[in-house]
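A.B. asks: Quick mapping for you: the protein sequence lines, in order, are chains A and B.
Under the numbering used here, the residue at position 3 of the first sequence is numbered -9, and the numbers go up by one with no gaps.
Under the numbering used here, the residue at position 130 of the second sequence is numbered 684, and the numbers go up by one with no gaps.
Careful, some of the hints might be misleading.
Claimed, not checked - Per the computed footprint, the stretches of chain B lying under chain A, defined by three or more beta-carbons under 8 Å from a beta-carbon of chain A, are: (1) 601 to 607; (2) 690 to 698; (3) 783 to 792.
Honestly, the hints are just simulated from the structure, not real lab data.
Being a predicted model, the structure only gives us computed values, none of them experimental.
The beta-carbon is built from N, C-alpha and C at its ideal position, and this holds for glycine as well.
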Amino acid sequence: MRLDFSLFKYVLITTCLLYGCEKALIEEDPINTPVENFDIFWEELDRHYPFFELKQIDWDSVYALHRPSISNNTTPIDLFQTLESISLSLRDAHVNLYTPLGDVEYDFKAGFPVNSNIHAFNYTINRTQASRVVAYGDIINSNLGYITISSFGGERDDYRVIDDILELFKEKDGIIIDVRSNGGGSSLNSDIIATRFADEERLYRHIRYRNGPEQSDFSRWFDDSVKPRGSSQYTSPVVILTNRGCFSTTEDFILAMRTMPHVTIMGDTTGGGSGNPILRELPNGWAFRISTWMVVSPEFVAYEGIGIPPDTTIWINPNDSTAGRDTILEGAINLLN
Amino acid sequence: MVKLYTALLLVLIAFNAAAQLSDSVSTSSLDVRTGWRHYLLNDEIGSNLNYAGSSAPIFLAYSKSKKARLREWQLIYDAPTLSNTFNESFLDGAFVLIQYGQLFKTSWLSKKNLSVQLGGNLKSVLFVRNFNVVRSGFDNTTGESASSLNLHGRLIKSFNAKHTFVYDLQIALVGYVYGTQFNGSGTGDLLTLDTLTDISNSLSYQIRLGDVVDFLVQYNFRYYQHQRVNTVEYGTQEILAGLKFKFK
Chain A
-11 MRLDFSLFKY VLITTCLLYG CEKALIEEDP INTPVENFDI FWEELDRHYP FFELKQIDWD
49 SVYALHRPSI SNNTTPIDLF QTLESISLSL RDAHVNLYTP LGDVEYDFKA GFPVNSNIHA
109 FNYTINRTQA SRVVAYGDII NSNLGYITIS SFGGERDDYR VIDDILELFK EKDGIIIDVR
169 SNGGGSSLNS DIIATRFADE ERLYRHIRYR NGPEQSDFSR WFDDSVKPRG SSQYTSPVVI
229 LTNRGCFSTT EDFILAMRTM PHVTIMGDTT GGGSGNPILR ELPNGWAFRI STWMVVSPEF
289 VAYEGIGIPP DTTIWINPND STAGRDTILE GAINLLN
Chain B
555 MVKLYTALLL VLIAFNAAAQ LSDSVSTSSL DVRTGWRHYL LNDEIGSNLN YAGSSAPIFL
615 AYSKSKKARL REWQLIYDAP TLSNTFNESF LDGAFVLIQY GQLFKTSWLS KKNLSVQLGG
675 NLKSVLFVRN FNVVRSGFDN TTGESASSLN LHGRLIKSFN AKHTFVYDLQ IALVGYVYGT
735 QFNGSGTGDL LTLDTLTDIS NSLSYQIRLG DVVDFLVQYN FRYYQHQRVN TVEYGTQEIL
795 AGLKFKFK
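Here chain B stands alone, though its shape is the one from the complex (with noise of 0.2 Å):
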């Protein structure tokens, strides 16, 4: 619980030193991405060996800033079809990704051409998770709602006038999961450090292509674990393309 509490102090303390900071003038944007994306899952209740595969993501996200502070809205939906290596088995999976949040650039931390900022976000993943074991001839639906509070830093580096690297750092503090059980039916738990980890890293390259539009390529990783009386635990890796249209 200490680890929460220094977690959230830090959070408060980024909002409180961004607060001090005028804001002026509002610009915003929309990011449309798709790509790849690539799971490794584990989900005690559906099986006991791994699934894997790709899938092709859809992103959306939409800011809306002044000069100090970011508020972000960003929705992923994506529908993987995973497969273990030893049998024709494999699970349909829906991913339903809505976040919200806000950053606020640190002069303190911040120099020329490059920006720090903190913050955090609101983020609600549901993934729902329907496993075919072939050889059995049954089928078993499985999966969670996991919503929880993170700590959110990103790192803007501008090289020129045209070319801007971006790196996100996300971690949930803490958070609720709702999801199956053992027991079949669906229970909720309020999850911290020690039973939650989900952690996301993002580097994001874009390129200006004229005053409202950028082109922007993206890595993500994200891993994301809960431990109740079952053990889920997912990670995935894409790369993303996509634009970013800028409007005032």
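In isolation and in its complexed conformation, chain A is listed as follows (with noise of 0.2 Å):
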């Protein structure tokens, strides 16, 4: 009887401690004050972000700076302003604020020629709209094949026509895609399409990702590679075009492009940006992204900020460009005849 009445009150004694003790496990939210704000987005920062050494970046000065101008009385649009500039000095793309007061996206492409793709479409005929994202045709007077792809952002049915493409190129003698102005999306997706042109197994980049609070905690460095997938590979000579427009996703799609001996990058640097973003919210509803890995390519060298260069670089001039002329394009087609 004695064993009894413990275990109950055991059982009972348990139960009551644990109803509803989720709230006391697990951290509370925190408060909606400026200060709380401005304090998560630091911290959030501090925690994930994996550039503030290679961008030289003095992190605890960014806060000796602007925390003693946020109070609980700071207004939403001082403190905004306050989010913002910290954002921008990262120099990143990745890093994003979303406020009802507006968005703050670095632009990694002001001040560089924007080598446009908009006169591809003179030099292309049979052009066709293959899904959402991607667009094929022919090259005007050659036995050349022209995939443009917008975006990397689609679904996986999106790229998945590169097949019944490639089946129709199968007897080109090259083809040019045309990743000008693509700002990303899910490798996921670029894997689809670079895989359809791998040779063999190649290893095309590193990744590592902050593991700890300090701002040197990194985890150790990940593989990735690009092998054959699909029905068939497609082997001869091919054209990559770029400008600073390419980034994030299609980044790292061309570092996987270009391990491949049959194929040649051409164009402008592209805009650098590896980050891998997460989201973050704040208490006042805003929320925000983080980059949290760093890419570098097979070779250790890290582009973020800095961007991939072409084997070959050629620009758009103004007059050109007036005139409806694509040089980049010329120059691919003068290398694959």
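Quick one: dock chain against chain with the hints and give me the complex.
C.D. replies: Pasting the structure below:
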């Protein structure tokens, strides 16, 4: 009977203790004050951002500079301007702020020539929109194929059309893939395209991410390779057209493609963004994104904030652009012919 | 690791003790329950804020017992929608728990009208979460599959032939967690008591309605946490009611 009572007592006490105790086990949400919002913004970046050392940013001094100006009487506009200033100081288009007062994104293309592909249409016939983000056609007066990919942010099926396109292009002497101004998306999508051109498995990047509170706390390097997948591979000459608008996943795509011996990168240096951002939220309802990983080439060269240089640099000068000429595309046609 | 080996040893002792008991009459039962579950979640990859909300899980269990040994299969499905307290952001979740375990009556602890059972189970929980951070216009999917070996204790108190009280306590000893990481891809880690916490506490009250049916009302509390490069933790409490069909 004594055992009976003891067990009952234990059960009742345990249950009473556990009733609703997830609130005790899981840290409470912060409160919504300007100071708390500022601190969370700074701390989340401090915890996750991988480029402080690479970009030689003294994050503590950023806190020391801005924190004294924030009090619980700070207006939303003043807080926005402070966080905007901090965001932009990181020079990273993967660090964004989303607020009712406006969104903040670092303009990584500012000051560089556009080198747009708006005149590529003049060089192609039989142009077909294969999916929302992939179009193809034939280059006039040649046996060359042209594929343009406007984004890697679509659905998987938007990219699986590559198999049908390559079936049509299998007798082509060469293919031009135009990813100019493609701002990225998912590497699962870019992999679908890249694997159709891979002649063998090739290492194309190393990745590491923050795994501790110190700015130098990183995981080990993880290797990523591109290898043949899909019904067939196109291994005749390929030229990838690039400009400063190539960013994020598009740069992963370029890293993968440039490892292949039959591929040439042509145009301008890319935007230089490798962050793989995660979303964070502030108690005042604002949201922001933070880069979380660092990508380097197989030779351990970082391109964050710098960009990937092409094999052949060609810019479109303003006069040519006004005349409707795309000299980058012309360069690719000349190379393949 | 010492704690892990001690716990594993306890499981082995419990199984070994039970193996010495003879099996006789075999009975089976099928439980069907549903009710109310409340979540409080912090998923470091999905958001820095907590997400909470309620749902209506579906619980199915089949058990087969002989005198001293009980084998149990459980399936729980739930599709919660959770939100934070600051904005319109929300997450759509899918939760599936599959569990198989064995319990053995311990004669050295059991008394008249009080049965104590010890054993273990293998549990696999898939919990996928799609965060929609409305302000940003982005969504991201996180989640994990956590498979664990658990120590399971059960206390059954019969007040009379009609009313029975059941208390369950389960503690994960070791587990393999495969899930999203900050690098966006899925990776797996073997976790032990230092880095994996999964504790379930359950109180049930059964009322016998007839020879083949019991009515059952149950309160459950579960706390889960894994610490890898990222930390995910959530607590659920639920009140379920249902019927238990018994057959031979």
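A.B. asks: The structure should be examined with respect to each hint, and the outcome stated for every one.
C.D. replies: Here's how the hints hold up against the structure:
1. For the stretch 601 to 607 of chain B, the stated coverage by chain A holds: 4 residues have a C-beta nearer than 8 Å to a C-beta of that chain, and at least 3 were required.
2. Restraint check on the stretch 690 to 698 of chain B versus chain A: 4 residues with Cβ-Cβ distances below 8 Å, three needed, restraint holds.
3. A count of 6 residues in the stretch 783 to 792 of chain B with a Cβ less than 8 Å from any Cβ of chain A is obtained; the coverage claim is therefore met, three being the minimum.
When each numbered hint is compared with the structure, no violation occurs for any of them.
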